[in-house]
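My request is simple: use the sequences and hints to build the entire structure.
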Amino acid sequence: MSIQWYLLVSALVFCIGAGGILVRRSPLVILLCLELMLNAGNLALVAFSRAHGNQDGQIFAIIVMVVAACEVAVGLGLIVAIYRRNLPVDVDELRELQG
Amino acid sequence: MSLQTLGWLILAFPLAGATIIGLTFKALPDKIHGAIGTLAITLAFVCSVLALLKLTDRPQDAREVVAHGWDYASSVGVDAELSLLIDPLSLMMCLIVSGVSALIHLYSTGYMASDRGYARFFAYLNFFVFSMLLLVLAGNFLVLIVGWAFVGAASYLLISFWYRRTTATRAGIKAFVINVVGDVGLVLGTYFIFKHTRSLDFLTTFDRVDDVFTRNQADLVAGCVLLLVGAFAKSAQVPFHTWLPDAMEGPTPVSALIHAATMVTAGVYLIARMHPLYEQAPAAADVGSVIGCATLLIAATIGLVVTDLKRVIAYSTMSQIGYMIMGVSSAAYAAGMFHLATHAFFKALLFMAAGSVISAMANLQDLDRMGGFRKALPFTYGCFIVGGLALAGVFPFSGLFSKDEILSIEFDRGGWYVVLGVLGYLGAFLTAIYTFRMIFRAFHGDPVPEAQELIDGHLHHGDPVNPATGEPEDTEVGFPGPDHHIAERAPGMKGAMAVLAVGATGLGALQIPGVTDVVHSFLEPTFEDSSLYASLEPSAAASWIGLIAGTLIGLAGIALAYRLWVQQPAAPAGLQARFAALHRFFVNKWYFDELIDAVIVRPFAWFGRFARNTFERLIVDGAIVGGTSSVVRAGSAAVRAVQSGFLRAYAALLLLGLAGLVLYFLLSSS
Amino acid sequence: MTIHLSILLFAPLAFAAIGAVLPHRLAPVAGLIGTLVSAFFGIALLFGFDASQPGLQYVTDDQWITALGIRYKLGVDGLSVWLVGLTTVVFAASALWILVRPVPRARGFVFLMAVAEAAVLGAFCAQDLGLFVLCFDLMLVPFLFLMLGWGGPRRRPATIKMMVYTLVGSLLMLAAAVATAVLSADDAGGSLTFVLSDLGKVTLSTGTQRLIFVAFALAFLIKMPAFLLQGWMPDAYGQMPLPALAVFSAVLSKVAAYGFLRIVLPLFPDATVDFQAIIQILSVVGIVYGSAMAFTQTNLRLILGYSSLAQLSFITLGIFSLQPQGVQGAILQAVTHGLVVAPLFFVVALVAERADGSEDVRHLGGMAVRGPVMATLFVVLAFATLAIPGSANFAGEFYVLLGTFKDSVALACVAFLGVVMASVYMLRAYIRTVHNRVGHEVHGSELSLRDAAVLVPLVAAVLAFGLYPQGALSAGEQSVTGAASTLARVNAAGANGAEAQVTP
Amino acid sequence: MIDLVLAQASAAKAPQIDWAAISPLVALAAGAVVVLMLGLARSRVARTVVVPGATVVAFLAAIGLCVWQWGEAPTSVVSGALRVDDLSLGLTVLICAGGIGAVAMSVGSVTTEDAGHGEYHALLLASAMGMVVLAGAEDLVALFLGFELLSIPLYVLCASEMRRATSLESGLKYLIVGSVGSAVLLYGLALIYGATGTTGYHAIDAAIEVSGFSSDVLLLTGVGLAMTGLAFKASVAPFHQWTPDVYEGAPTAITGFMAVATKAAAFGVILRLFDVALISTATTWAPIMAALATITIIVGNVGALGQSSVKRMLAYSSVAQAGYLLAGVVVTTQLGISATAFYLAAYLLMNVAAFAVLAARERELGHGEGDTLTALNGLGAQRPVLGWSISIAMLALAGFPATAGFFGKIYLIQASVDNGYAWLAVVIVLGSAMSLAYYLRVISAVWAGGEDRDATSVRATTPSGQPVMAGGAPEADEAPAARSVLATRDGDEPGEAGRRAPAAGLGHPLAVGTALVCTLATVGFGLFPQPLFDVAQDAGRAFASLL
Amino acid sequence: MAEVVFFIAAIGAIAGAAGTVALRNPFFSVLALVGHLLSLAALFLLLRAEFVAAAQVVVYAGAVMVLYVFVAAYVGGQDEALHSAPGPGLRITSAIFAGALLVELCIAILGTGLSALDGDGAGFFRAFGSPGEIGKLLLTDYLLAFEVASFLLLVAAVGAVILARRREGLEPAGTISVGDLFSRQDDVGVGGEPEGSMLEAEAGQGEVRR
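In order, the protein sequences belong to chains P, X, Z, E and F. Counting in numbering that gives the first Met the number 0, the first sequence runs from 0 upward without gaps. Counting in numbering that gives the first Met the number 0, the second sequence runs from 0 upward without gaps. Counting in numbering that gives the first Met the number 0, the third sequence runs from 0 upward without gaps. Counting in numbering that gives the first Met the number 0, the fourth sequence runs from 0 upward without gaps. Counting in numbering that gives the first Met the number 0, the fifth sequence runs from 0 upward without gaps.
Please keep in mind that the hints were generated in silico from the structure rather than gathered at the bench. Treat each hint with caution, since some may be false.
Said to hold, decoys possible - When the alpha-carbon atoms are kept at most 20 Å apart in a straight line, the in silico DMTMM-like pairs for lysine to aspartate or glutamate are as follows:
{"no.": "1", "chain 1": "X", "residue 1": "194", "chain 2": "X", "residue 2": "209"}
{"no.": "2", "chain 1": "X", "residue 1": "194", "chain 2": "Z", "residue 2": "406"}
{"no.": "3", "chain 1": "Z", "residue 1": "405", "chain 2": "X", "residue 2": "78"}
Here it is in structure tokens:
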């Protein structure tokens with residue numbers, strides 16, 4: 000299988016994730032879409048790693064997983080905090096700050 | 000004492016007088032200020048006389064002496080030092096200025112006695128004399144301009160001496176601004192000449208004129224015409240004359256000194272001084288002749304109908320200066336200067352006498368309100384008659400000799416100058432009429448209440464009222480008190496008037512055709528470079544014919560006036576009705592004020608309003624400031640609108656930017 | 000190597016710093032001492048100046064910012080020595096003013112004025128482009144605070160307008176200055192330097208010169224202000240506290256004019272010639288326009304403001320005649336205008352004090368009755384402002400217009416309109432203030448001795464200067480001749496170039 | 000903990016570790032752990048005084064270690080992951096200085112109390128550590144990690160003033176937009192890795208050189224994506240939109256920290272990535288970056304006009320400043336790097352001063368009140384020190400002379416002109432001119448702001464600046480309009496805050512002191528900038544390959 | 000064989016991604032993402048990244064997703080309308096942006112001159128991608144990354160604690176219960192309303208929970 004196929008999948012997933020961020024209002028789902036984007040990056044990294052035959056990309060991918068996990072932890076924590084404050088869990092409602 | 004030192008002293012005394020009075024005006028009593036002022040001018044006169052003696056000691060060809068002071072503003076090719084030129088012309092002017100001024104100071108000590116601005120008046124007056132002497136003694140263009148402007152400033156200060164009258168301040172600013180126009184003409188004319196001669200010094204300039212200029216060269220003509228503008232503005236020639244009648248708002252001694260005897264004749268002096276230029280630029284000189292002639296007629300016609308006592312004299316001044324300008328522009332230098340001298344005497348005398356009347360009338364100047372002062376003010380009446388005869392040009396009074404010399408030179412030059420001469424005689428006829436109209440209306444007929452009171456020994460009158468506006472005068476500062484200041488009761492005034500009357504009568508003796516030739520020969524050194532000076536010498540016979548004709552014309556005018564205003568007092572009204580349009584034209588002063596208003600003042604006022612209301616608001620504040628700031632503000636609004644607070648919109652913009660950025664990189668890849 | 004100029008610069012600042020820790024009452028004393036020290040040095044400089052030498056004198060040259068090639072190089076020559084003198088005198092007068100008429104929160108006021116003085120003197124003495132630009136921008140800062148802290152009721156918008164306006168130009172100039180240095184260094188292949196004498200050795204390409212010229216000209220013309228760029232002036236003049244406004248109008252605008260002479264003419268001669276006509280026309284229009292505006296204003300400050308606009312246009316006109324006479328006149332005019340306008344603003348303060356704070360001529364009048372001395376001083380200043388012959392202002396105008404006349408007769412003739420109009424607006428202001436009927440709210444009184452202490456020396460200086468303007472002219476002669484010969488060369492080259500283009 | 004792991008690692012294969020070189024990093028990490036522990040102490044003094052103290056000590060230690068290594072030959076450490084040269088050391092100093100400023104501003108604030116002192120300061124240190132990694136990163140993996148280590152604590156810190164809805168909102172916005180940025184960056188790095196087959200900067204550079212791939216579409220797309228991600232962090236328009244919202248919503252101390260330290264780190268990494276790894280593609284990316292700089296300058300300055308919140312205004316201003324700084328990157332010369340470094344230092348001083356004043360004012364008026372323009376009314380008369388500080392800070396930001404900002408701008412202009420970007424210099428100055436309009440608004444409020452009711456009432460009720468919150472006086476007096484925008488949703492805030500008010504006792508003077516120190520330094524470097532220039536030039540020489 | 004697996008996995012990944020975005024209930028979105036992650040793990044295996052694939056399954060699809068499930072349950076997995084406030088325009092624009100980006104990326108991937116991408120990949124050694132190899136790299140070349148990543152985890156933990164910690168007076172007493180997963184919570188999303196009504200809602204919520 001040509002590596003390019005993997006990359007095309009990765010690009011597609013990346014764009015789906017990006018589009019998802021734009022259309023969804025729930026911060027939770029937006030976080031999921033972010034995961035999609037990061038995973039698209041991971042797929043690209045692993046594919047390139049395979050293409051070049053060095054494992055740097057794989058290491059990178061693992062690091063990205065760690066990062067994704069951290070982002071999730073903090074993001075979910077924020078969502079919980081927002082929910083606890085009885086603020087709307089909806090990014091469109093959070094627009095006290097603007098201008 | 001050298002001539003140079005005397006020259007400086009002539010300047011120093013009036014300046015010192017002004018300074019001392021200015022600095023001590025609170026410390027010393029008023030009377031002393033009058034004395035200081037008069038003394039300072041008298042000393043200047045004495046110095047002038049001493050200088051005259053020194054100068055006449057010198058040989059004919061060494062009578063042009065330059066006194067160098069210090070470098071005033073010399074740099075990068077401009078030679079502007081403080082230098083005086085003492086020659087017969089300037090010395091003659093010095094004598095006239097300081098002599099007449101001394102007398103007027105003396106007169107003022109009486110006339111202004113109860114004015115609260117007494118000290119201020121003398122300070123101004125001394126400053127004026129200093130300026131005038133600086134003007135006439137100037138050795139180069141820059142000093143001339145300085146003196147020129149200083150007399151303008153002094154004139155302004157004195158015209159608006161009673162500064163709480165709005166009429167006075169308005170007249171002051173008018174006079175000053177027109178004088179500044181003259182200054183500008185002078186400066187610009189100087190530039191034209193300096194451009195070629197590369198020197199501001201008079202003697203150097205005159206030396207170089209023939210070398211650097213061809214006859215009637217454009218730059219020279221332009222320069223000379225511009226100098227004429229300066230002369231016209233200062234000497235109240237058409238169309239720069241409108242300030243002079245208004246200047247009568249000043250105290251009467253001011254009118255006598257500045258607006259009759261000295262300052263207004265500066266233009267005549269200027270043309271005489273610049274004669275080498277004008278002889279090289281006859282086109283410009285002709286402009287002077289024509290304007291002078293026009294002025295003398297225009298002023299005379301207005302003088303016929305004006306009812307303000309002082310303004311009649313003022314218009315007569317304009318008219319007489321018209322003669323002088325016409326004369327010096329037509330190379331009748333000595334005659335013009337001689338007329339300047341005689342005019343100084345008889346015109347100052349007339350003004351002083353008028354002052355006496357006006358004081359008696361509690362500052363009312365309207366001829367319609369006057370009459371019958373002959374008995375109340377006999378001495379004043381006598382002075383008026385002497386001055387009037389001199390002005391009308393009746394033998395043997397001085398005015399006849401000087402005026403007719405001018406006219407006979409016009410005839411002598413021939414060509415179209417003859418027209419000028421004829422018109423001059425027409426002017427003389429009119430002069431005689433309006434002069435005696437004034438005298439008859441003021442002194443003859445039934446005494447008005449004021450005259451009657453004076454005859455009865457009443458010495459005070461009520462609160463003064465501004466005749467122009469009718470509002471009560473503010474006498475707190477700088478206005479005559481309730482006392483009458485008439486020549487009959489003030490020895491100082493009387494003395495000054497007597498001296499002037501003698502001069503007005505006898506000064507003609509200096510230039511009796513075929514008999515004496517004092518002025519002409521005295522001025523010769525100044526005009527030795529003139530080709531016309533010596534050649535234009537009408538024969539004694541021709542001159543005598545002129546004199547006789549002049550006298551006859553004068554007498555005819557007086558007779559007509561007597562007939563109209565004494566014998567048939569109803570006649571003038573009939574004439575007025577018959578020539579209503581002409582009368583209105585004259586009464587409105589040929590509409591010069593209106594013309595200037597429409598051509599110059601209104602456009603500028605409009606421009607000012609346009610600048611303030613439209614340009615400043617729309618362009619400077621609107622387009623430049625407002626335009627920029629509204630663009631920026633619109634941008635700000637746009638940026639803030641995009642900053643909507645919607646998280647997803649932010650992400651969208653981020654992706655848009657990303658897409659754009661990647662697109663750029665795609666396009667620039669190989 | 001001397002330290003005279005450094006003392007000149009920093010004495011006021013040092014004393015004001017001392018004053019800043021003293022009680023409010025004593026701060027003005029410290030400020031006055033500082034400015035007097037400076038004024039002493041400034042006047043000593045005038046007498047010690049050797050007018051026969053063309054070059055710089057009292058040079059201080061020290062390393063400052065080696066990374067940028069900016070040196071602490073000070074020096075005076077004929078172009079600047081009298082302006083330095085003027086600055087010190089005007090600031091000293093202002094300091095005295097603050098002492099005799101205490102302002103609230105005097106410490107701050109005094110200190111800010113001292114900063115302003117240091118900056119202005121720095122700009123006049125700077126022989127390094129970087130230092131000049133720095134001082135040029137810096138001198139606005141104190142006025143920002145002076146306006147905000149002590150200004151009139153509508154000071155906020157006025158301040159912002161003024162600062163934004165003037166700094167648009169200044170910042171462009173900053174960029175242009177850096178570009179000048181960098182490009183000169185590129186051309187010369189040497190290391191980066193901002194020292195003027197080094198920059199003067201390199202001539203940039205004409206295209207570059209033009210761009211840089213525009214930036215510099217914009218900065219200077221805004222600061223003056225010149226016609227079309229005066230939008231900030233009415234508001235700022237209306238709101239600035241008077242002691243500050245006096246020095247602002249007297250001195251700061253001159254820095255801009257001086258900048259043309261010091262920076263633009265020598266460094267960008269080709270561009271100067273190219274833009275000569277535009278700036279001349281702008282100046283002439285400015286003269287007429289400023290005069291007309293001055294005539295229509297009723298607020299005394301604005302009359303003076305627009306009159307300054309016209310006067311500054313005269314100065315610009317003189318400079319851009321590119322004739323030695325015009326340049327000489329511009330320098331003289333700069334000094335004399337500064338010397339006259341500062342006391343005039345003091346007079347405005349005195350007048351306002353006697354009319355319940357009103358500075359509107361419609362409410363004034365008749366003040367000469369109770370205050371003849373004040374009126375006399377005013378009339379001297381008024382006549383000097385309208386450049387009556389015999390005043391040094393006239394000598395300046397005479398030279399300016401002579402230079403212009405040599406360059407273009409038509410422009411000179413139009414410029415003369417300004418001379419006439421000056422007499423109209425100045426006398427109008429004078430008459431409506433001290434003459435005519437007494438205004439309703441006017442309670443006139445004579446000049447007090449302490450006010451006289453401020454005003455009389457300045458008026459005396461005006462008179463003395465009128466008697467002997469030669470001093471300033473002599474000082475400038477060598478420098479001007481040098482500058483003019485450069486321009487003459489360029490002019491000639493331009494003419495030849497034009498001919499060369501025509502012949503083939 | 001780390002030491003232990005490292006010990007094991009060295010036992011495994013013993014990669015060369017230059018301990019001295021990474022010592023600042025270690026200091027920060029150790030500081031974070033220690034502070035976290037200290038935060039658990041029961042004693043209130045330990046938490047409120049010792050914890051910030053220890054944080055400052057950690058920052059100071061890092062600074063000291065940087066200074067200690069200053070001027071040594073540049074080395075790559077930990078298997079080429081980090082570069083230690085004068086640029087990275089200098090940026091580390093800046094970051095740590097910013098950290099100290101943030102600590103000083105936050106002492107005794109509600110935020111620290113809410114977040115927990117230990118946690119708050121540990122996160123601060125961790126974020127600083129991320130920045131230090133980022134500034135020195137010479138490897139794509141290290142870059143990405145540094146990026147995240149910088150960001151994640153900041154997401155939390157922004158939201159840490161949880162009683163304010165806006166704080167949470169800012170945290171969430173930052174997190175989401177920031178994560179999008181991270182993902183884009185990651186994808187870009189992946190493509191770069193894909194195109195070159197390596198993650199080390201020098202290796203990437205060499206690979207591009209060798210393969211001649213400098214205009215390959217894959218690589219350039221990767222560059223574009225990476226540029227976006229980094230531009231996002233540096234608040235470059237059009238990726239700036241998070242900045243105003245987050246800056247306004249975040250606690251003031253954190254905003255200040257973000258403004259100065261994040262910017263330093265972001266520009267550190269941009270300089271290093273583009274001027275080292277991607278230098279051979281410079282002809283491609285420099286023009287677009289110049290265009291971005293222009294857009295950023297315009298958008299930032301235009302946006303800042305008319306803002307009523309000073310923090311928001313400063314946010315836009317920081318966007319504009321990012322544009323100026325970008326000019327230093329665009330020119331790809333050592334001079335440009337020096338200029339960027341210089342400007343970053345100046346920017347730090349002036350911004351910390353400004354934010355410290357805001358923080359101090361907030362103590363007096365309460366959050367949401369302290370940062371509005373009206374809250375600054377009459378500050379100059381009431382608190383001259385604060386008034387002067389913020390005035391000078393604003394002047395410096397606007398580039399007035401006799402402040403460090405002036406020379407910063409000169410230096411940037413010089414760098415631009417020097418390498419043929421004169422038009423960019425013009426854009427910079429025009430932007431500065433525009434910026435005056437809003438900087439001066441602040442100054443005019445400070446000195447001429449209405450002698451109106453609320454300002455004087457504050458003066459009257461709070462001689463020491465403390466009990467306002469408790470008394471609720473400003474709340475009661477405040478015009479409704481002034482607080483409507485930023486009012487919290489919590490009705491009980493004043494009381495809550497009042498309970499904690501005594502803690503503000505220490506904080507206020509510290510904030511004032513910070514403002515004062517930074518102001519003095521701003522002016523000092525404005526008069527005698529040479530030392531700073533020397534340092535900046537050292538930093539510029541870090542990239543020996545550049546001109 | 001590899002092709003078949005690839006296509007299945009790729010379709011699974013894409014479908015999972017699409018599902019994540021398109022499903023209206025966040026809870027289902029999470030599940031779709033888990034599917035996506037598992038498909039990715041398969042792709043990783045095809046790419047010889049054993050360790051990464053394992054980590055993907057264990058850490059990502061396992062541990063991390065559980066967090067999501069919990070939070071989704073806690074804050075409520077309510078449905079949401081896909082079209083909302085910023086207007087329908089945003090949806091279209093976002094589709095266009097995403098599409099444009101996709102096209103660009105595809106051009107980049109297909110247009111590159113990089114030969115390595117055309118084939119199945121470079122030659123590799125046996126242990127390529129094995130835990131041992133990865134571990135060695137992590138402790139040598141990527142030691143710093145490893146350390147920093149570990150620190151990052153610590154930081155994230157601390158951060159999560161700060162954010163999620165319950166504070167006095169800040170939020171109403173409430174507990175997480177299994178019931179939360181199924182109860183519809185109407186009371187969220189009222190932040191846009193005025194304060195008064197919000198306080199009421201808060202009170203009401205407290206009652207419900209009790």
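Structure-based check of each hint:
1. 194(X) - 209(X): holds (14 Å)
2. 194(X) - 406(Z): At roughly 11 Å apart (the allowed maximum being 20 Å), residue 406(Z) and residue 194(X) satisfy the hint.
3. 405(Z) - 78(X): holds (16 Å)
Violated hints: none; the structure is consistent with every hint.
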